[in-house]
Amino acid sequence: EALRSLEAIYRQQDNKASLYEVILRRADLAGTATDELALRRESGVLANLLGRKDEAIAAWERVWTAQPGDGQAVEALDALYSELRRWDDLVNLLERRLERDLTHAQDIELRFRLANIQRVELVNRERALEYLGQVLERDPDHAESIRILQDLLDDPEARMTAATLLEPVYIRRSAWREL
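First residue of the sequence shown? That's 1 in the numbering used here, and the numbers climb one at a time after it.
Calculated directly from the structure, the hints in this document are not laboratory data. Cβ coordinates follow ideal geometry from the N, Cα and C atoms, glycine included. Each hint can be trusted.
With beta-carbon atoms standing in for the labels, derived distance ranges:
#1 Asp151 <-> Leu50: 39 to 49 Å
#2 Lys53 <-> Leu3: 23 to 33 Å
#3 Ala105 <-> Arg25: 35 to 45 Å
Make the full structure from the sequences, and use the hints.
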């Protein structure tokens with residue numbers, strides 16, 4: 001009861017730092033999983049507002065662990081990992097999202113994002129090519145993937161795999177000159 005009173009006072013004063021501490025304490029003492037999740041969500045938002053990015057990530061990861069697929073947690077973690085350039089963590093999050101029920105378009109979008117993160121941020125051509133191949137398996141006319149693969153034809157280390165992935169695209173389009 002004392003924590004709720006403090007929470008009310010800190011909300012009224014708009015004292016986010018003190019409110020954050022009270023919300024954390026309440027989350028630790030929450031009587032139900034539902035209450036704890038709501039408080040962890042709020043602590044994630046407050047930590048982010050206070051510039052405590054690692055604490056915000058910890059809060060949202062707890063929400064994600066308790067409720068895999070939680071949209072708010074996914075969005076928050078995606079934004080935080082991107083902002084902090086924690087690419088390996090972002091890749092892990094997006095790969096876990098692939099295990100969830102997604103629409104065909106969402107699946108393609110996530111795989112394409114993963115390809116770009118691997119290619120640009122992690123400089124992992126092999127993994128990027130794997131994801132680009134997965135995108136083309138699901139959408140053989142995915143223009144952005146095709147463009148990237150065409151650019152990779154100039155990279156001696158990626159040329160063979162890129163050409164192999166592009167071959168069915170060119171055959172389907174009867175683009176004989178490209179072959």
